[in-house]
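Top line first, the protein sequences correspond to chains A and B. FYI, the numbering for the first sequence is 1 to 586, going by full-length UniProt numbering. FYI, the numbering for the second sequence is 1 to 491, going by full-length UniProt numbering.
Take these hints with a grain of salt, some might be off.
[To be verified] Listed next, the in silico DSS-like pairs over lysine-lysine satisfying Cα-Cα at most 27 Å (straight line): (1) A:K139 - B:K408; (2) B:K354 - A:K143; (3) A:K467 - A:K448; (4) A:K139 - B:K385; (5) A:K274 - A:K332.
[To be verified] Sample of chain A residues with no beta-carbon within 10 Å of chain B, all distances over it, derived: (6) T111; (7) R142; (8) V487; (9) K502.
[Said to hold, decoys possible] Quick partial rundown of chain A residues pointing at chain B, CB under 7 Å, derived from the structure: (10) P109; (11) V270; (12) Q272; (13) G276; (14) K278.
Simulated from the structure, these hints should not be mistaken for lab results. If you're wondering where the values come from, they're calculated on a predicted model, not measured in any experiment. We put the CB at the ideal spot given by N, CA and C, even for glycine.
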Amino acid sequence: MALTLLRGIRTPTLFRRNAGLFFTTIHPPLSSFTTRAESVQATESKAAPKSIQLATKEAAEHKTQGFEAVIGIETHVQLSTVTKAFCSCPYNYGSQPNSTVCPTCMGHPGTLPVLNAKVVECAVKLGLALNCEISMTSKFDRKQYFYPDLPKGYQISQFDIPIAKEGYLDLDLPVEFGGGHRRFGVTRVHMEEDAGKLLHSESGSYSQVDLNRAGVPLLEIVSEPDMRTGIEAAEYGAEIQRLVRYLGVSNGNMQEGSLRCDVNVSVRPVGQSKFGTKVEIKNMNSFSAINRAIDYEISRQIVLHKEGQADQIVQETRLWDESSQKTFTMRKKEGLADYRYFPEPDLPEIVLTSDYIDEIHKSMPELPEAKRRRYENMGLSMQDVLFLANDDNVARFFDSTLEHDADAKLAANWIMGDIAAYLKNEKLSIDEIKLTPLELSELIASIKNGTISGKIGKEILIELIAKGGTVKSVIEEKDLVQIADPVAIEAMVDQALADNPKQLEQYRAGKTKLQGFFAGQVMKASKGKANPVLLNKILAGITAGGASAGGCVLWAMLSLPWMVSGTASSPGKASPNMLLSSSNCT
Amino acid sequence: MPPPLQAQRLLLSHRRLTPSNRRRFTAVSSLPSAPAKTLATGAAPSSILSIRESLLSGERTAADITADYLSRLRRTEPSVRSFIHLADAAAEREAEELDRRIATGGHDAVGPLAGVLVGVKDNLCTANMPSTGGSQILDGYRPAYDATAVRRLREAGAIVVGKTNLDEFGMGSTTEGSGFQVTTNPWDGSRVPGGSSGGSASAVSARQCVVSLGSDTGGSVRQPASFCGVVGLKPTYGRVSRFGLMAYASSLDVVGCFGSSVVDTATVLSVIAGHDKMDSTSSSHDVPDYKSELIPLDLLESKPLNAYYILASSEASSNLSRYDGIRYGRQVSADDLNGLYGGSRANGLGHEVKMRILMGTYALSAGYYDAYYKRAQQVRTLVKKSFNEALERYDILVSPAAPSAAYKIGEKINDPLAMYAGDIMTVNVNLAGLPALVVPCGFVEGGSAGLPVGLQMIGSPFSEGNLLRVGHIFEQTLQNFSFVPPLLAEG
Chain A
1 MALTLLRGIR TPTLFRRNAG LFFTTIHPPL SSFTTRAESV QATESKAAPK SIQLATKEAA
61 EHKTQGFEAV IGIETHVQLS TVTKAFCSCP YNYGSQPNST VCPTCMGHPG TLPVLNAKVV
121 ECAVKLGLAL NCEISMTSKF DRKQYFYPDL PKGYQISQFD IPIAKEGYLD LDLPVEFGGG
181 HRRFGVTRVH MEEDAGKLLH SESGSYSQVD LNRAGVPLLE IVSEPDMRTG IEAAEYGAEI
241 QRLVRYLGVS NGNMQEGSLR CDVNVSVRPV GQSKFGTKVE IKNMNSFSAI NRAIDYEISR
301 QIVLHKEGQA DQIVQETRLW DESSQKTFTM RKKEGLADYR YFPEPDLPEI VLTSDYIDEI
361 HKSMPELPEA KRRRYENMGL SMQDVLFLAN DDNVARFFDS TLEHDADAKL AANWIMGDIA
421 AYLKNEKLSI DEIKLTPLEL SELIASIKNG TISGKIGKEI LIELIAKGGT VKSVIEEKDL
481 VQIADPVAIE AMVDQALADN PKQLEQYRAG KTKLQGFFAG QVMKASKGKA NPVLLNKILA
541 GITAGGASAG GCVLWAMLSL PWMVSGTASS PGKASPNMLL SSSNCT
Chain B
1 MPPPLQAQRL LLSHRRLTPS NRRRFTAVSS LPSAPAKTLA TGAAPSSILS IRESLLSGER
61 TAADITADYL SRLRRTEPSV RSFIHLADAA AEREAEELDR RIATGGHDAV GPLAGVLVGV
121 KDNLCTANMP STGGSQILDG YRPAYDATAV RRLREAGAIV VGKTNLDEFG MGSTTEGSGF
181 QVTTNPWDGS RVPGGSSGGS ASAVSARQCV VSLGSDTGGS VRQPASFCGV VGLKPTYGRV
241 SRFGLMAYAS SLDVVGCFGS SVVDTATVLS VIAGHDKMDS TSSSHDVPDY KSELIPLDLL
301 ESKPLNAYYI LASSEASSNL SRYDGIRYGR QVSADDLNGL YGGSRANGLG HEVKMRILMG
361 TYALSAGYYD AYYKRAQQVR TLVKKSFNEA LERYDILVSP AAPSAAYKIG EKINDPLAMY
421 AGDIMTVNVN LAGLPALVVP CGFVEGGSAG LPVGLQMIGS PFSEGNLLRV GHIFEQTLQN
481 FSFVPPLLAE G
């Protein structure tokens, strides 16, 4: 079942929840350089297409039949620097073709690249976040090939000395996929420039070149071949996305191409140490697609192995086709491409100092892995942990709520429940709503101390999210203070009993089910403001009959936390005497 | 006073070096600086200085001076053919504009190069005129910007009179490799001016302009300076910004300059040198006023060729990839992408350029990289090391600028290896990134009045000041020689 949960990922939505499994799927506003939470709620996907279920299940079954897959990923992260890597042009996704270009990024004669220092900073940040060794001295190289979207005929990249190498990435698999902690190796991180884009005419008779993207800085992250399943690969990608957003180096948006993953998949018999022939898969624009494409490809390769046609698996690039849920051959590799790398003579070496690296290290925020471990230590469930740590903004909101002394579990429940639902409906991110962490902590406290009921709390929350303000002002303005005065509740109970003599008789006769009926009547009369705990105790006292029983109940109530702690609200300050004197239940 | 062009005197005054007036310049010890005032008294004539004095004194107008040069240019150009593009009308306009500014603003309006006509090698980008690099593939291309060296010249008041001819993208030693025309040597119309900055050297030699810009990747300023009898300076790598110089071999390319005297060359260098944020390989080493460091004489007391061609061709194969017919320049339409690339490049690029692209592509290919490119880099390191060692012991090293005087047109064109061998005196300097100055030092037999020969002086990094000082002194020892070609006396 778990593997079918990924359907619905393409639905534009924010904050859909998949109990901790979040994928970028959405196309936020074009101007978006901010990070947003984009995720998917798996529970919505009951009607997953059969084909996917089959493909993925088959892959899962095959695994047990003596084969294992080996998966490595190359991720390209487009940096959200103000200007391009080697000139002063800006880059804004979706702008008019060739509107943000200059002689340098168009490869005009005589132009020279000048490195944007911000690119190095981003690379060092990500390198540190990926636990890499940072090269104190590195250089740029030219990777040469002809293509119309590559203005200079070479891409400025890094070849033999990447800025960062030999790191790793920690992540927690979603609970519904069996959970578990994973560590995947990172071979290297290097800096390079993006190419432009080709726009093909519909007739196919001509193509146009848009060089807006040419020269935009990229970081390429190459993983070790450590992944074994589609979900592991998808989660690796999702964790990279989380990292770049936490670090603020990229918006990590897959639909805009700010985050692109190319995966290499091979299959081998379990126990064999030599890798099978690897196939590269491209064209996946969501983590769900990565998962499905890999599982499909694994399944395809295993079938070939089992049919004795392993020689049909050739080194090639295949494209993922979303509509048919299959991979197709794009091009077969005829030997290794020779890019004729050589050192870029137009740029000096990049020499870093340990002070520079320390400075960047100090400026880095708490990263997702550290956050998850911290939340876990608070006693939150892994499901909660994954949800909260998934998005930088959500985590910040949560942490800030805790700073105002809110209970972690309660705060988590509110954020994952009503707030997330609201965000989803309104297509907003958590930093776009008017509710502040302070007020959420106030709200939690007000419920905890009995000022308002949980139900009223939900109403207030919506008010605060949409319009802002404080919990106190909303309570006062709308007269929502919980009725926790036993005298007032008893009066309402008396009224309800009096209004329904027949039910009262049955109730007294022992039909305890009717307690709910009377509770409903009182709630209706109080517009939901009656303290439900108190109300039910009073109602329960009726069947027990007699003042002494009532007395017991009330004594029990004395130990309720709100009575002792009682903060600002008057009900908490009610004296036991008062309660006793009014306990006329008959 | 106009530059000294009393042709009769010049023609008669030069004669061959004899042992009696030959001086030795093997190693020169450190020189004290000297006051600038001594400059004017030196025998070596500075055209820039005399232009400046006439403008400031009101003796002559910029328009007059420009007209002088342009009339000489129009007379000599049909035989010399230094220029691919001539901006004579624009030059006249700029000169008149300068005269107006002098009239209203006085001396403040006169920059250090005010009214100085400059020829610019056509592989340097100029915003308001075509820039082809001598290649058909960029026929009609007009850059959107000025190269930094050109911008600095203009800001100093210089007037760009046109774009000079060169071997296509700087690849050649005779200027016969131009995609447009063959330039001749003003000393002998049957000979080449040298290359690749042949147009810039011949233009100064024929006094078609006062000074000119060239580029030197393996000798392309020094060898034509020697062939044409002018002063040519190849500065230290990184001394002058390469921004706007069409890259041939990025790690070797240097923007250099030509003048008819060391003073003029020094003046131009002071203007164009210095750090440029547009070129990450440009140096922020201080730029002295080279001219003011020159000293009047009376104050004084005394194989890398293969590696070069591998490295230069490797970088060239990469640098020239951008000439693909997609965004600018010539495009040959075709049915598919490879056809478009192939057609555009086959038609637009010349023979020598294509040969070097092939050589470079080969040297960088998998399986050959270590044997060629990497090994050449190792040789380069050794060359640098041996130069450094020599320059720790001596201030300046001297050598001929070229193993011969100017070749006959067509003499080397079908023998590329012979032509490459002609660069043997200069390429090692580029490999080491050092500055070198070429000054005319005498004549050898040839032509109607002998052919000039240049002396190359090589210094430590950023020792241009020292080189110019020594060159200036050397120049003064040749007072009886004039390096004005006989062509100017004719007609």
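Going down the list of hints, with the structure as the test:
no. : hint            : in the structure
1   : A:K139 - B:K408 : violated, 45 Å
2   : B:K354 - A:K143 : holds, 20 Å
3   : A:K467 - A:K448 : holds, 23 Å
4   : A:K139 - B:K385 : holds, 22 Å
5   : A:K274 - A:K332 : holds, 22 Å
6   : T111            : violated, 7 Å
7   : R142            : violated, 5 Å
8   : V487            : holds, 81 Å
9   : K502            : holds, 90 Å
10  : P109            : holds, 4 Å
11  : V270            : violated, 35 Å
12  : Q272            : violated, 29 Å
13  : G276            : violated, 25 Å
14  : K278            : violated, 20 Å
Hint check: violations occur at hints 1, 6, 7, 11, 12, 13, 14; the rest are consistent with the structure.
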